[in-house]
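**Student:** Chains as they are written, first to last, in this note's numbering: chain A, 26 to 568; chain B, 3 to 170.
Watch out, some of these pointers could steer you wrong.
To be verified - With a cut-off of at most 25 Å between alpha-carbon atoms, the simulated SDA-like pairs for lysine to any residue come out as follows:
#1 A/K253 to B/D123
#2 A/K435 to A/D424
#3 B/K66 to A/V60
#4 B/K161 to A/F42
#5 B/K66 to A/T53
#6 B/K152 to A/R31
Stated by the list, open to error - Interface residues of chain B toward chain A, partial, derived using beta-carbon atoms under 8 Å:
#7 E43
#8 R57
#9 F128
#10 Y132
Simulated from the structure, these hints should not be mistaken for lab results.
Quick reminder that beta carbons are idealized off the backbone N, C-alpha and C, glycines included.
Listed below are the residues making up each chain.
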Amino acid sequence: MTDRIRMRVNAAFDNEFSRAPVPPSLRTLSVRAAVAAPRRRSAAPQVVALVAAVLVIALVAVVLVGTHLHSTPPIPAGTTIPPAPRALAASTYDEAHGVMVVFGGASGQTPPDTATWTWDGKYWLKLHPPVSPSARQMAVMAYDPAHHNVVLFGGNVLQKVSGKGGCCSYAPIDDTWTWNGTTWQERRPQHLPPIGFDFRPSLTYDPITKSILLFGFTQSHTEAMTDKQAEMWSWNGIDWKQLSLSITPSVNGVMVTGQDDLLLLEPANVGGRYLTQTWSWDGSSWTVLSPTVNLPPLGWFGATYDPVRRQIVVLSSDTWTWDGSTWTRQHPTVQPRAVGYLAFVSAVHEVVSWGDSISGADNEMFGWDGSNWKLLEPGTVVPPSNYSGGAYTPPVSVDQAAATVRATVKNTHPVLLPTVFPNGPYDARVVATADDFSITYQSDLRDRTITFGIMAANPPPGGANARDTRVPFRNAVGLKYAPNGYAEYYVYDTSSPTSQRWLMWLEPGSSTNSMDFNGGVYYFLSATGLTDQEFWQVANSLQ
Amino acid sequence: MVTSAIGQAAADREADFDALVGPLIEPAFKLAVVFLRDPHEAEDAVQEATLKAWRGLDRLRDEKAARAWFLSIVANQCRSMRRSRWWSVLRMESPLRDDVERPPDDRLDLTREMSRLPLTDRAALFLFFYLDLPIAEVARVLKISPQAAKSRVHRAVEKLRLGMEVAK
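Please build the complete structure, drawing on both the sequences and the hints.
**Tutor:** Here it is, written out as structure tokens:
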């Protein structure tokens with residue numbers, strides 16, 4: 026290897042790292058947090074201490090119970106204090122016992138656990154079943170009304186890595202368990218779905234075939250995950266059976282059971298536009314529906330059925346409901362800070378969202394009354410100030426977004442902003458620093474999205490119908506890919522009039538941040554749901 | 003007095019551990035960025051790996067091997083996070099990615115070509131060229147044989163050359 030290669034490779038890494046500087050406090054925080062945690066040591070002294078402590082506590086408890094047995098009122102079986110926040114747990118509503126069940130997941134920086142919790146609408150109860158599935162995260166769980174139990178499948182378990190210095194990694198597991206309200210039972214089906222957990226599969230009850238359905242992908246063994254295969258399996262209470270489908274959704278989606286139907290919500294790119302398609306299940310095959318309003322790209326989301334209002338509720342960065350024929354975006358004044366574990370809980374007659382299912386940063390309980398979310402139970406942790414729970418950044422008006430950018434971006438000039446928004450109104454979500462910014466403008470139904478800002482973007486390439494051109498634009502600074510006075514204009518699907526499209530150029534100006542400046546300031550405008558004419562109305566309105 | 007002694011012991015413990023892994027936090031963070039391409043996730047990975055290193059400290063027999071030992075924990079953590087966080091795949095499919103620099107000149111073309119490499123190849127390049135680790139140590143961090151580490155570095159360099167020729 027020559028020094029020249031080394032220099033060039035290192036320069037490329039330096040370039041990458043300049044956009045990801047080492048946080049100054051990372052060393053202190055990491056070391057301090059680690060040292061504050063207990064070390065693994067010989068278990069013997071701890072076991073002795075634990076036994077002694079248990080005996081003392083038992084003795085004290087016996088004395089107290091004996092003393093106060095006749096004088097104290099009955100205490101509820103549980104507590105109003107919620108479990109510690111947890112990410113990637115399994116949860117569902119156990120109709121037979123009227124409780125929301127939460128199993129496993131990881132809390133904070135600790136590994137996944139085996140805890141089973143229930144919530145009855147008021148009290149949390151940590152159960153101590155004699156048998157439990159092993160500690161895991163990303164397991165999937167659903168209530169089976171045909172057998173009056175809760176079914177849990179698979180997940181990722183921590184496993185030791187062989188070799189010196191090895192610690193652990195996650196590995197998929199394909200076991201099946203049922204919960205009867207008191208204990209777990211491991212089932213020994215003859216067939217095991219080879220579903221992997223690169224993507225979280227989906228498990229739900231199918232009211233048409235009256236069985237539990239599992240939809241997921243086989244474990245991938247390649248970096249690009251191109252070898253994964255979509256599969257559907259059915260659970261009849263005893264064994265799994267693979268279903269042969271004429272059309273199988275090709276992207277990971279989430280199934281959600283309605284009153285007497287079953288939907289699959291799946292991210293898709295249709296006509297150069299990203300959205301979430303709605304599929305319907307007829308008991309043997311899937312069909313893509315064409316509702317008046319489609320869901321936008323959802324990212325991380327939760328979904329469950331509200332039998333009181335006869336709607337499917339979807340919680341993402343917005344709240345959506347499905348009335349059986351189309352989607353409606355709701356406009357609550359309050360929204361959970363994160364996408365939690367969703368379930369309809371009979372005792373409160375509402376869909377609830379507990380905690381933060383993606384990053385486990387909070388444990389608040391919210392309830393959905395059909396038009397608004399309200400806080401049912403406060404959490405026990407204070408989320409960090411920059412916490413958005415992976416989900417919810419409140420939108421602001423277009424004018425407020427502009428004011429925020431003008432007041433915040435001080436180190437880069439010029440600061441341009443669009444002033445024309447076709448077919449509005451739009452709201453805006455803004456991220457701004459002293460150096461740069463990005464604003465996402467969205468129409469009410471999220472079917473038109475405009476993204477604009479100072480950013481060196483690297484959008485993915487398009488398909489066969491994509492078109493990449495150079496267009497005269499402003500007095501752009503020349504790049505290798507576009508001469509002076511030209512911008513790069515890209516349309517993802519020229520056969521679709523409202524395809525995703527973007528415009529990228531180097532605006533004459535200055536910035537104290539070298540990553541935003543290369544003889545000019547990087548600007549990027551992207552839109553979906555807008556025609557070519559509308560897109561240029563926005564582009565030509567920059568001020 | 004007792005409280006103060008405990009406090010002193012805790013401070014000593016922190017200082018000892020900091021002396022061992024503190025200097026490795028920066029390279030660990032960069033390795034995590036190479037793997038995860040997200041500074042926030044990289045930060046999480048390093049914090050989690052540091053916790054695991056602390057808990058598994060008894061398994062480190064030779065302090066001279068601390069660098070490979072710690073970086074291998076970081077690499078493991080990154081792999082686990084990539085595997086368990088399926089939403090990162092969704093994010094990659096989203097129409098916008100501003101996490102990678104768009105290359106305006108020849109120097110940055112290499113950045114683009116490197117971003118197309120498999121993560122394990124990028125990690126091998128980072129460890130071998132950027133951290134200047136010997137091949138044997140690259141192998142220990144990536145938990146592969148020295149021969150495999152060597153061929154991975156060579157293969158990555160060849161891919162970069164090929165990629166750059168196509169770009170021209």
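**Student:** For each hint, tell me whether it holds in the structure or not.
**Tutor:** Each hint, compared with the structure:
1. A distance of roughly 22 Å separates the Cα atoms of A/K253 and B/D123; the hinted pair therefore holds under the 25 Å criterion.
2. At roughly 18 Å between alpha-carbon atoms, A/K435 and A/D424 fall within 25 Å of each other, so this suggested pair holds.
3. As the CA atoms of B/K66 and A/V60 are separated by approximately 21 Å, the hinted pair is consistent with the 25 Å bound.
4. Taken as a hint, the B/K161 and A/F42 pair is honoured in the structure, with Cα atoms around 21 Å apart against an allowance of 25 Å.
5. In summary, the hint linking B/K66 to A/T53 is supported, as the alpha carbons are separated by about 22 Å, within the 25 Å threshold.
6. For the hint pairing B/K152 with A/R31, the CA-to-CA distance comes to about 15 Å; that is within 25 Å, so the pair holds.
7. For the restraint placing B/E43 at the interface with chain A, the shortest Cβ-Cβ distance is roughly 10 Å, beyond the 8 Å limit, so the hint is violated.
8. Restraint check, B/R57 versus chain A: the minimum CB separation of about 5 Å is within 8 Å; hint holds.
9. Below 8 Å, beta-carbon pairs count as interface contacts, and B/F128 has one with chain A at about 6 Å; its hint therefore holds.
10. Annotation: B/Y132 was flagged as interfacial toward chain A, and the flag holds, the nearest CB pair being 5 Å apart, inside 8 Å.
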